[in-house]
Amino acid sequence: MPKILEETEKQLGTVPGTILYHGAKKTSKVKIQIIDYTGKTFVEKKVKDVKECFAFKKKDTVTWINITGIHDTYLVKQIGELFDIHDLVLEDIVNPNQRPKIEDYEAYLFVVLQMVYGTKKVETEQVSLIISDSFVISFQEKDGDVFDHVRERIRKAKGRIKRKKNDYLAYALMDAIVDHYFVVLEKIGDKVESMERKVVDEANSETLTQIRKIKRDLIFMRKSTWPLREVISFLLRGESKIFKKDTTPYLRDLYDHTIQVIDTVETLRDMASGLLDIYMTSVSNRMNEVMKVLTIIATIFIPLTFVAGIYGMNFTHMPELDTTWAYPVVWIIMVAIAITMLIYFKKKKWL
Amino acid sequence: MPKILEETEKQLGTVPGTILYHGAKKTSKVKIQIIDYTGKTFVEKKVKDVKECFAFKKKDTVTWINITGIHDTYLVKQIGELFDIHDLVLEDIVNPNQRPKIEDYEAYLFVVLQMVYGTKKVETEQVSLIISDSFVISFQEKDGDVFDHVRERIRKAKGRIKRKKNDYLAYALMDAIVDHYFVVLEKIGDKVESMERKVVDEANSETLTQIRKIKRDLIFMRKSTWPLREVISFLLRGESKIFKKDTTPYLRDLYDHTIQVIDTVETLRDMASGLLDIYMTSVSNRMNEVMKVLTIIATIFIPLTFVAGIYGMNFTHMPELDTTWAYPVVWIIMVAIAITMLIYFKKKKWL
Amino acid sequence: MPKILEETEKQLGTVPGTILYHGAKKTSKVKIQIIDYTGKTFVEKKVKDVKECFAFKKKDTVTWINITGIHDTYLVKQIGELFDIHDLVLEDIVNPNQRPKIEDYEAYLFVVLQMVYGTKKVETEQVSLIISDSFVISFQEKDGDVFDHVRERIRKAKGRIKRKKNDYLAYALMDAIVDHYFVVLEKIGDKVESMERKVVDEANSETLTQIRKIKRDLIFMRKSTWPLREVISFLLRGESKIFKKDTTPYLRDLYDHTIQVIDTVETLRDMASGLLDIYMTSVSNRMNEVMKVLTIIATIFIPLTFVAGIYGMNFTHMPELDTTWAYPVVWIIMVAIAITMLIYFKKKKWL
Amino acid sequence: MPKILEETEKQLGTVPGTILYHGAKKTSKVKIQIIDYTGKTFVEKKVKDVKECFAFKKKDTVTWINITGIHDTYLVKQIGELFDIHDLVLEDIVNPNQRPKIEDYEAYLFVVLQMVYGTKKVETEQVSLIISDSFVISFQEKDGDVFDHVRERIRKAKGRIKRKKNDYLAYALMDAIVDHYFVVLEKIGDKVESMERKVVDEANSETLTQIRKIKRDLIFMRKSTWPLREVISFLLRGESKIFKKDTTPYLRDLYDHTIQVIDTVETLRDMASGLLDIYMTSVSNRMNEVMKVLTIIATIFIPLTFVAGIYGMNFTHMPELDTTWAYPVVWIIMVAIAITMLIYFKKKKWL
Amino acid sequence: MPKILEETEKQLGTVPGTILYHGAKKTSKVKIQIIDYTGKTFVEKKVKDVKECFAFKKKDTVTWINITGIHDTYLVKQIGELFDIHDLVLEDIVNPNQRPKIEDYEAYLFVVLQMVYGTKKVETEQVSLIISDSFVISFQEKDGDVFDHVRERIRKAKGRIKRKKNDYLAYALMDAIVDHYFVVLEKIGDKVESMERKVVDEANSETLTQIRKIKRDLIFMRKSTWPLREVISFLLRGESKIFKKDTTPYLRDLYDHTIQVIDTVETLRDMASGLLDIYMTSVSNRMNEVMKVLTIIATIFIPLTFVAGIYGMNFTHMPELDTTWAYPVVWIIMVAIAITMLIYFKKKKWL
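Residue numbers (my numbering), protein chains in the order written: chain A, 23 to 373; chain B, 23 to 373; chain C, 23 to 373; chain D, 23 to 373; chain E, 23 to 373.
By construction, these hints were calculated from the structure, which means they are not laboratory data. Since we're looking at a predicted model, the values are computed, not measured. Treat the hints with caution; some may be incorrect.
[As the list claims (entries may be wrong)] When the alpha-carbon atoms are kept at most 30 Å apart in a straight line, the in silico DSBU-like pairs for lysine-lysine are as follows:
| # | chain 1 | residue 1 | chain 2 | residue 2 |
| --- | --- | --- | --- | --- |
| 1 | C | K263 | B | K263 |
| 2 | D | K371 | C | K220 |
| 3 | E | K370 | A | K369 |
| 4 | C | K209 | D | K220 |
| 5 | E | K220 | A | K371 |
| 6 | D | K266 | C | K99 |
| 7 | D | K235 | E | K213 |
| 8 | A | K209 | E | K143 |
| 9 | C | K143 | B | K235 |
| 10 | E | K369 | D | K220 |
| 11 | A | K99 | B | K180 |
| 12 | D | K370 | C | K371 |
| 13 | C | K123 | B | K123 |
| 14 | B | K235 | D | K370 |
| 15 | A | K267 | E | K99 |
| 16 | E | K220 | B | K369 |
| 17 | B | K371 | A | K235 |
| 18 | B | K99 | C | K266 |
| 19 | A | K180 | E | K123 |
| 20 | A | K184 | E | K99 |
Work out the full structure: start from the sequences and follow the hints.
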């Protein structure tokens, strides 16, 4: 079954808002990590019971609850109850392969993003964010280092992150995900570039398979980047009260990055489309060369063989056969034919 | 006659609003099923006379009248009179192969959807919904199980459906239809995937026919999904008073699913277009290989045959013929020619 | 000269608003038919003098003046004066091959439509409508039966047409024209379907010419249907006061039909584009097959002929020639070579 | 240097608003012609000194100053001063190959149009119009007859032009230019039509060059027609006060013509694109035919030659050689092989 | 690593707003040049310490600070502090390969542009502008002469630049960059034109590589010109207070130029796409010619060789062999076969 349809089958017929995990279990242990800070204070804590999160649900500090592993639907439901989250949101969180989107539930914003990774094959991991004035909850499918830079900056009070609020934290998380796209795009870009050189010289079915894979990866990338633009654009338009005005320049920066990602995906798609054209042309070129060799050899030797055939006939009365100079004359004729042909080919630029 | 035009011919020249069934009779018996419920009550009933429906036309309960079989135009007319439905609506109901659409008649909403099914070939069944504050009437062309999950949820009071109103019921029915698209898309997706592997190895006219079929199915899917988006979008924009504000999150969810269906159709179309390119390239590749074999054999043996032809000539004066070492020398020359050719082909990477 | 440009040459340099007929004379006699009715009354009359029309120019009855033949520019001018029509409108009426359009002159609406007909080749006839509160004037290029159904319905008071006003009559006329598109589309659809089967088996230059014709017909259809949508959409938006609110559902129905026509044209275009791809692939496939046959025969017999050539040489000292078993051994070698080749081809799946 | 870039090089680094003529000098003598009229009066005059124009700059008459030759930048500057025209406008007037555009300087409108002409190759001439309430100044690159019809109509008081104001005159001039497009389009249309027939039979590199030329001409046409639409649309929206309300129907007519020009360009582009496809298919078809002939001849005669080769061998012990019936039997075998082959080809439909 | 991704890798994980130079060091020495003028005064100065700039930060004069070399991040930071510039702006300045954009920070406008140059390969240099009411700061990656014309005009008080304000200066700088696009486009245009001629005659893999390069350069150009349009359009809409109303005609002129750049890029892309089609067709044409030669030679001589083979057979009983006229008759037959074939080829137009 193609990946694009992987999750859909199991959803059919279930009650909308049912919180059932449909993806593959990408991590065994569910981890809950809480980071709570103001400009001056800093608490980092790993908790086992989700109820411990509740203590941090207050307005005056920035609270980031990061949950790794979304297959534990019971836990997701508990969080839903604790933080008063709509059932449809919870359903979306536990269903990977959602389209990137943003939904405004007034009390909170629900953002679904797709993180891309992988070197050989592009894969995605769904990251969901619940952003309110008092907390940011992030859901990851599995452990990853994409948010490590953000954590580090909070811990070391590097940059302006510790002085800012929940909306800046949410921005920082989204920025980390968007920046990660470049890593994957760069790898695809390298592949396209190396294929461009390769395709002129070696056009075989293996090259064809590689082009096909690149094209699929880019279709994949495209599907997850275009809706991303709408998500950031929604925030940038200031339609949500959660994102404050002083975060706008950062969102604009994030929007620029997203546009750059989309631009790059489109450019790579253009180049990948060109690959197949060059491949086809390259195959045609080589066929042409093969044909030329065949034609040169055949058109030189077939007439010569015919001449030889003539004098191989066993007629009793063939006066030429008995003259002494006949044999060398035939040789001269043959060489003349061959040279004429070669001159013709030279003129036609086949040689 | 192509399916896309199947119904149109018979409509010509009829009075607009004429209720004449034009489709093929897909079910023999027309069935009328009434489900009437509130949070606490539940009535399920099969009726023969359409007038029995009238009793359920009241505001305080959720009433779902499901009619299977639309060829009984008399019955459709009766319903039209009972529930005060516009003639053009009735005409659309009994005319299958309508484009998905929504029409707001203030007292009720009229929605036409196309349900897709079929494994070998994609087929569609028209489902029409009349949605008002006090009832939902659904018209199906034939018996099907697409609404069974909804019925089950109402019967078992599973999920939130029994606590909700007519608008939620209408949403649930539309959701069931949209979800069904994924089943069909998945099958097409499987076919595309298997074709992608097949097309590299076996590019014959049968493969070509299969690609053509997939492309047609996707043209078909596309035609019924794009207008679907407009339908849901109309409801989501809150332009109808029948859909209450608390149903909006569910409509948004439905809209997301529709977008995902369209996305998938477009992705599959992209992939299907790629199939033909790969097919062409694959055919070219193989032709190239055939040509190489011919060229190698021909360019090696044609010159050799010429040499043999020379010494098959019957000239009286051919001094070479009589020397003892001439025959082995000719063999050596021939082997040398053959080896030279082979080295040339090796260099050209034809071997 | 291509049809799309047929009329344009003669217009050059004429004063804008000049009423000169530029088309071919499609009918010899100009006919003026008046149908005048209310819910209760009915008058049908053929007149010779256009001034007789004037009597019917009153608000309380529905008046339909149908003029067949637009080459009589004097008559058109007279009508222009009688009913106070702008010169540019009259110019457009007598110039066939206009783009479908609607123009609001407040006192009346001017609608240009293209009626399509023809089985072998798609042809168009321009139908112009002048729609006001008190009359509808229709101009046809030649006699046709497209409006016969409408006439019949008025005569027999069938459907709701007799109870309705001028705007409904105008709708009925436009509906008749749009419905006629389906007849032509169906024929093109049949051709495309039959070509799809044909193109796989018989790809010759005649098939190519047919594909080209279908493509041209569809370019043609497209040119006249897209602007049609804008025309109906203009009416549907309620921008004209002549079309009353109770006609809106009918216009919406008409709009749906127009969209369906456009959809079908686009689908057929998609399919027609696919035809050429399949044609190309089909030609490649067959070339491949031809090549294989040549290669098989050539690669089997060329080496064998070489072997026969060897022992046809006339060297005095060829020890093999004189041994008894040499001849059968050569045969065995030849058969071995042939079998080896055949196994090779079997493995390559060329046989 | 490609034409599309012809003028740009010399502009670089000049002060914006510098009035330097960059085009080729298309006419040697600059001509200034003044036509001044009201409904009753009419003055036509050729002047040498631009200052004479000033006398006609008054509101109550329609004044048309037509300047042929734009290389005399001093004259253009003088006009600029006399009529108080912005420097950037003057710069645009003397720079040919501008994109069609309209600019509203409140006191006057500045319109740049491209007139197309030429039979073998499409060429353009820039026509600039300065339109105010009291005068219309037109700048042409060289003498031409495109405005002759307009002049004639004014002189002979034909049509409504003499009764109308400056805005109608400006419309008439623009109409003359747009109408001229049809002449060129018609010629291209003829070429496309004749190529369509030619390409099936004669697909050689000369045909290819012709297709390429048609495509370039259409790219060219497209570049100058799309912006034209925006120009007319600007006037039609009534954004300028210079164009009065009673000119609107004429502008709408002009807009229709422009749309028709664009439609035709697009249709011809579609058809021209199709030409290359047909060309390719036609080449493939013929290659196929060539291959078939080769294959038929080769597969019939190569096996036969082999048989002949067998009995040309010089083995001492070949029992067949000495029997009387051997020779006719070999002939029978050969004919049998040939007939078998021919039946095979018949079955394959290669004959 | 492809250029389009060159800079992105190093940005990952850095704090947003971090001012780290990521590009290659294109110039060794950072230069700061100040030009300060009013209609009457003029000061030009090269400074080493950035603090000297501060003296010129006043409203009544036009101040242009041009900084060449952006790798000195300390200097950029200092300027940021002196002129109160947002950190994200400074980050964008030192990060080359940004997408052209404009950002309105109320006190100043931040514009990023890409200057293109290069003859063999298109390269870009990022130019950033900070435009306020009292100064314009421009950042270049390396020394260049693109702004020399502007400097010269200020020095010599040529044109209107000295009489105008900061907004006109900013316009002049942007105009200089946009005008430079034409130089590069012209070179690409020349290449495309020469390729068009070349591709018909010489279609080899080197031509293919050149087409590929042209296509990439145009993808590149396209990426930097489309956003440019939005930048100028933003200014033209008058959304910023810094650009005064009297600069609007100049911005409109600039906008026109930008559109013309985009138009030209698109036209060249169209033409470059056509190149590959012509290439393919050209290759096919030549293959066809090669095939014809092979077929003509083979189909003439293969049957003749067969005939010769027949009479080379060594049957004892071949009555023909002993008749005197047999040999000339065989010759006549052979010539007849050859002539028949040649007539056939003539008829098929292969000769």
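- Message: So if I understand the rule, the pair passes when the alpha-carbon distance is 30 Å or less; does K209 (chain A) with K143 (chain E) pass?
- Response: Distance ~23 Å between K209 (chain A) and K143 (chain E) Cα, so the pair holds.
- Task: Quickly compare the C-alpha distance for K220 (chain E) and K371 (chain A) to 30 Å and report which way the hint goes.
- Result: Given that 30 Å is the threshold and the Cα spacing comes to 15 Å, the pair holds.
- Given the hint that K220 (chain E) pairs with K369 (chain B), does the C-alpha gap stay at or below 30 Å? holds (29 Å)
- Is the straight-line distance between the alpha-carbon of K370 (chain E) and that of K369 (chain A) 30 Å or less? holds (24 Å)
- Query: Do the alpha carbons of K369 (chain E) and K220 (chain D) lie within 30 Å of each other, as the hint requires?
  - Reply: holds (18 Å)
- Given the hint that K267 (chain A) pairs with K99 (chain E), does the C-alpha gap stay at or below 30 Å? Distance ~24 Å between K267 (chain A) and K99 (chain E) Cα, so the pair holds.
- Going straight from one Cα to the other, do K370 (chain D) and K371 (chain C) come out at no more than 30 Å? holds (19 Å)
- Does the alpha-carbon distance linking K184 (chain A) and K99 (chain E) stay inside the 30 Å limit? holds (22 Å)
- Are the Cα atoms of K266 (chain D) and K99 (chain C) separated by 30 Å or less? Holds - the C-alpha atoms of K99 (chain C) and K266 (chain D) are around 26 Å apart, at most 30 Å.
- Message: Check whether the Cα positions of K143 (chain C) and K235 (chain B) lie no farther apart than 30 Å.
- Response: holds (28 Å)
- Task: For the pair we were handed, K235 (chain B) and K370 (chain D), check the Cα-Cα distance against 30 Å.
- Result: The hint holds at about 26 Å.
- Query: Given the hint that K180 (chain A) pairs with K123 (chain E), does the C-alpha gap stay at or below 30 Å?
  - Reply: This hinted pair holds, its Cα atoms lying about 28 Å apart.
In this structure, every one of the numbered hints holds.
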